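Asks: Here are the chains, one letter per residue:
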Amino acid sequence: MIARRSLMMFAGLFVLFTVIGWFLGAANISLLLVQSFAYALIALGLNIQWGYGGLFNFGIMGMLMLGGAAVTFISYPVNAQFWGSEGPLMLGKALMAFLAGFLLVWGARHADRIGIKGRWKSVVTVIAWIVAYIVYRSQIDPAAAYIETAGGGWVGGLGLHPVLGWLFGGVLAAGVAYVVGKICLGLRTDYLAIATIGISEIIRALLKNMDWLTRGTLTVSPIPWPTPIPQDLQAQGVSISESFIYARLGFLGLVILVLAVAFFLVQRAYGGPWGRMMRAIRDNHIAAASMGKNVTRRQLEIFVLGSVLMGIGGAMLVSFQQIYDPGAYQPINHTFLIWVMVIVGGAGNNWGAVFGALLIYITWMISDPVSQWLFNNISNWSTDMGWGAIPEIQSRASQMRVFVLGVVITIALRYAPRGLIPEVVRREA
Amino acid sequence: MNELIFFFNNVVVAGVVLGSIYAVGAIGVTLIFGILRFAHFAHGDMMTMGAFIAFLLAMAATALGITTPVVPTGFLVLPIAMILAAIIALGLDKGFYAPLRKRGARPVTMLIASIGVTLIIQGMIRLFFGSGTYSFFETEQKQLVRIPVPLEGVTRTINFTQPQLLMVLCTAVAVLALHFFLTRSRLGKAMRAMADNADLAQVSGINTKLVVRVTWIIAGSLAAMAGTMLALDVNLKPDLAFNIVLPIFAAAIVGGLGQSYGAIAGGFLIGFAETLAIFNWSVLLRPVAGSLPFELPATLAIVPTEYKLTVAFVILVVVLLWRPTGIFKGAST
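If you're matching them up, the sequences are chains A and B in order. Take 1 as the starting number for the first sequence in this note's numbering and just add one per residue. Take 1001 as the starting number for the second sequence in this note's numbering and just add one per residue.
There may be inaccurate statements among the hints.
To be verified - Stretch-level coverage of chain B by chain A, calculated; a stretch enters the list once three of its residues show a Cβ under 8 Å from a Cβ in chain A:
1. 1003-1013
2. 1047-1060
3. 1077-1091
4. 1104-1112
5. 1266-1274
6. 1315-1325
Just so you know, these hints were derived from the structure itself, not from any lab. For clarity, every value in this text was computed on a predicted model and none was experimentally measured. C-beta: ideal position from N, C-alpha, C; glycine also.
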């Protein structure tokens, strides 16, 4: 029953995409397709965290930014001016200072080994943190100032293949997620939500202001594609309008390949003993703990796994858009949008997450032109009635998507709280 | 001495003002959590909405000529804005949260619903006001209060604006009123009883529906007040909410979710921490610059100004690790 229903759903989605593609043209719909499939990978990551594990991660934006920074660093051409300057040496010193600070704090945390206990240990730890912070700041501040003025402006990239950058995006997100999870996963739902929001805001503040690393608000472009870009195809004699379609379809193929591999693995994991254990922890972590499952450890595992997919997805989006702009990341576009995808699609069901991602992304993207059309009509009507036209239709219409998103999630929660393609709970007779 | 007054102007005044705004916002968050047991995410947007209501009222009042030279129009219309915001808050509850509550939805679902409300309110505000910046002080001036310090060799004066003074007074009145309401009135006691144990309160004959309504009225009007105060202190933007919701939640959590007095303490703690963290300490050290072992840099702040927002969160994490339910023991779901 459910399988047939979801098949119908996907068929409907296909028709929707075809109709919209017919309106917007092949070049635009191929652009939307690439982005929506990248979002599907991110939604899959959230589905692991929320649908499988019941973890309340509201810091998706931070993971996407990390993925973007990673692919920028790996695939952008080498900045020779930076490597020829004093910059690398100074950064090396800053890294040493960071490691020294890390060791200091680590040592203070284990001060009980040498007999410093209780209150004194806390004092030592606090002092270690302060010293480590001062040591690190004393090295990184001059290094950052030097690189931004004399050392080539910023670090630049490594000039490697973008797919390596995607992988590094996943690795970087995993590393950060591990640290974040270690700190936050002991917290209960509401606290965890706020804590992850806070961490993603910190990541945003860092990446936006560390001009030496990411160029900050100056933005980095053009970031290379892993597949031929339209200009390459044009050089081979393909007409300009067709070159965009073919190039985007090439990128789309790669994105779908990554999504398919991730989907296969995640789906297998869901069906296996590991997935059953995760659902047991999600539904009743006390019972799971009493059965000998290490709940915190498993939740950390799932948090890191989901974040890997988010990092890769964020990296893919950045390489597709060819520009890394830390200022463009917003919680609405990069955290809440993905939550709406998973909730509307059906948390706990991977098909649902992918379906939700595609549906919500296309809704999000077309609500701008649709409301513009709507406003234009209303404006014409009110002009005819003698009430005057609606001012600034264009900018107002582009704000409508936020409203539409809010309405969509409200309706979904009210009438389909388990999503359009809900999780199938198998019960033995 | 001049340096100390600089410190007072930049840290104490700013910290008290910011702390008042955070405290008033955090009380709403913590009350809703205490009674309804979910983190009301749309609180920041209720604040922005309240500020815009006050802004519209102030514009209307100015157009009608209802102004006084003493009090800024923003404060004059604040009570009306608070009433309107309370009505809207009741409407939001009826339209969005009550149906879910009736179904027995989990707190997590309520939280997601409140994100839906966030998006809807934000969409509406942007639809009507675009993305520009507005100010309450386009037609009237912000009056600056300068108090000279009667000490020898002091040239600086203690500075603050008149709205800032009024804000702190308003906060004090609101906090006192809330205190008397919670401790003296029957309804306030019912609220505290329900926050402690909802089931027990219900079997004791407390009208829980009424308590829920009162909670929304208080939270909505306080949100409008906090939002208007913030808009009066800096300026009014449709995306005010996102920058404010994090410190407010941090304040509520640091104080212990569900604890009204904790929220006030948390609000001031976060407000002061933020202003202290970005304060340029080298100004204070300048008189003793000669005797320091190192050369005094031009700016010596604990964190650069761009990272102001992160301070609230670092405090939050530290408090949560040190005392997982906040300074005053808070509730959780």
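Asks: Please go over all the hints and tell whether each is borne out by the structure.
Replies: Hints, verified against the model:
Given as covered by chain A, the region 1003-1013 of chain B fails the check, having 0 residues with a CB less than 8 Å from a CB of that chain where 3 are the minimum. Evaluation of the coverage hint for the region 1047-1060 of chain B: breached, as 0 residues show C-beta separations to chain A shorter than 8 Å, against a requirement of three. Check on the region 1077-1091 of chain B: 0 of its residues sit with their Cβ under 8 Å from a Cβ of chain A, so the three-residue criterion for coverage is violated. Under a criterion of three residues with beta carbons nearer than 8 Å to beta carbons of chain A, the stated coverage of the region 1104-1112 of chain B is upheld, 6 such residues being counted.
Counting residues of the region 1266-1274 of chain B whose beta carbon lies closer than 8 Å to any beta carbon of chain A gives 0, which falls short of the minimum of three for the stated coverage. Counting residues of the region 1315-1325 of chain B whose CB lies closer than 8 Å to any CB of chain A gives 5, so the stated coverage by that chain holds, three being the minimum.
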